[in-house]
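Peer 1: Chain by chain, the residues run as shown.
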Amino acid sequence: MFNIEEFDIKLDTDYLGRNFVYVEEVDSTNKFLLQTKEYQENGTVLLAENQTDGRGRLNRTWLSNKEQNLTFSILLNEGINPSLINIINLASSLAVAQSIENLYQLHVELKWPNDVLINKKKTAGILLESSSKGNKIERVVIGIGLNVNQPNFTGKYNIPPTSIRLEFKKVVSRERLLSELLNNLEELFTAVEHAPDKVLNDWKNRCKLIGEKIKIISGEETKFGIFEDIDENGFLILKTQSTKEKIHFGDVSLR
Amino acid sequence: MDNNQKLDFIKKIIKVVEKSEITELSYQEGEIKLKVSKNSPVTQQFSLPGNPQFHHVSLPSHQPETRNESGSQPIDAKDSAAEKTSDLHEIKSPIVGTFYRSPAPDADPYVQIGDTVASGTVLCIVEAMKLMNEIESDINGKIVKILVENATAVEYNQPLFLIKKD
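Protein chains in written order, with the numbering used here: chain Z, 1 to 255; chain H, 1 to 166.
One or more of the hints may lead you astray.
The list that follows gives simulated cross-link-like pairs (lysine-lysine, DSBU-like), each with its CA atoms no further than 35 Å apart [claimed, not checked]:
id, chain 1, residue 1, chain 2, residue 2
1, Z, LYS111, H, LYS145
2, H, LYS12, H, LYS92
3, Z, LYS246, H, LYS12
4, Z, LYS244, H, LYS12
5, Z, LYS156, Z, LYS31
A few chain H residues that face chain Z, going by a derived Cβ cut-off under 7 Å, partial list only [claimed, not checked]:
id, residue
6, GLY97
7, GLY114
8, ASP138
9, LEU147
If you are wondering where the hints come from, they were derived from the structure by calculation, not from laboratory data. By construction, the Cβ of each residue, glycine as well, lies at the ideal position given by its N, Cα and C atoms.
Only chain Z is shown next, with the shape it has when bound in the complex (with noise of 0.2 Å):
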């Protein structure tokens, strides 16, 4: 069971969590808060044990355990800001491996566009969501999931996974976890309004594979080059012999 009151007690955000949904089971927490109209508060999180069909990019499966990790979504719509929205993106991943710095002192890294790594192996992994109607994106969800306490991972992976529990050697408080990212999150999306330079390069200094040669997988194509820097947008650079290309998205891997 995940304790309320211990999430609360360290909770210290103005809006984030504060209308927290707390459920045994949802096919997708991402799917649930972005299509449930009747959840209108900005910074809604909706945790749930279980997910029946937990998703990543492409339709990939997202396994974890009940009631061992964290699989959740936030729900943000009020003053999206179009432009900004890819720094919200990588910002999450940003949270994540802060709190995660933060609690227990581990080695975190970010592979873009927003996989966490601790020992090059998949701690998180977050989609978002959105719809827009019009010119206006009218709701986004954030969806995170956390491998906090799984003591293994078995079948196949794209990356291999870990959990905190793998690498910290102790069971850790997921409610505990849960406020950290929560508080670490909302001081991030203030400064993605302020000071976005700056969330773009503390993103940037956990980001191991800029300067490396690197695939890149995206759609049917595969791409070799420098991974050159990310630009304003949060798009990957890549430095090709003849050229420099803005990828928009795909699976980047060491070459």
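Fit chain H to the given chain Z structure using the hints.
Peer 2: Quick look at chain H alone, frame taken from chain Z:
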């Protein structure tokens, strides 16, 4: 007149109307047909034959006394201007990313040309950095044109669909 000359001509007419007390002016000569009205902030449409692009010009709103002196009723003028305005509506991308017509590579497209859509119908997805943004129609109507190929890059504000308003 070539298209540039036509545009210059239209701009001149707009200036004349703007400075005068005329609130509405219709003009037709050969293939040029235009109507300028300054009673409402409604977008004006000028159609240039041979040029499929529409040029939208929004006139600044004017002081009420100009309207009062004109004798024409602002509400009527607004209605008739709106009627003449193109009934084609553009759906644009709110973000930079990659355009997808279907929710997954092997799934059916959300919409096809000729489909009737309502406000709120999902038309496509634009993806940027593991953000999947569903774009909904903001009007009721019929899809008449899909302006972008599946799985190609789109820029901020790039038109994606043309919808004929109901």
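Peer 1: Taking the hints in turn, state whether each one holds.
Peer 2: Going through the hints against the structure:
A distance of roughly 38 Å separates the Cα atoms of LYS111(Z) and LYS145(H); the hinted pair therefore is violated under the 35 Å criterion. Between LYS12(H) and LYS92(H) the CA atoms are separated by roughly 30 Å; this keeps the pair inside 35 Å, and the hint holds. Between the alpha carbons of LYS246(Z) and LYS12(H) the distance comes to roughly 42 Å, so the proposed pair goes past 35 Å and is violated. About 44 Å separates the Cα atoms of LYS244(Z) and LYS12(H), which puts this hinted pair outside 35 Å; it is violated.
Restraint check for LYS156(Z) and LYS31(Z): the C-alpha separation of about 24 Å stays at or below 35 Å, so the hint holds. The closest approach between the C-beta of GLY97(H) and any C-beta of chain Z is roughly 5 Å, which is under the 7 Å cut-off, so the hint is satisfied. Given the 7 Å rule on beta carbons, the hint for GLY114(H) is violated: about 22 Å separates it from the nearest Cβ of chain Z. With a cut of 7 Å, the hint placing ASP138(H) at the interface with chain Z holds, because the nearest CB-to-CB distance is about 4 Å.
The closest approach between the C-beta of LEU147(H) and any C-beta of chain Z is roughly 16 Å, which is over the 7 Å cut-off, so the hint fails.
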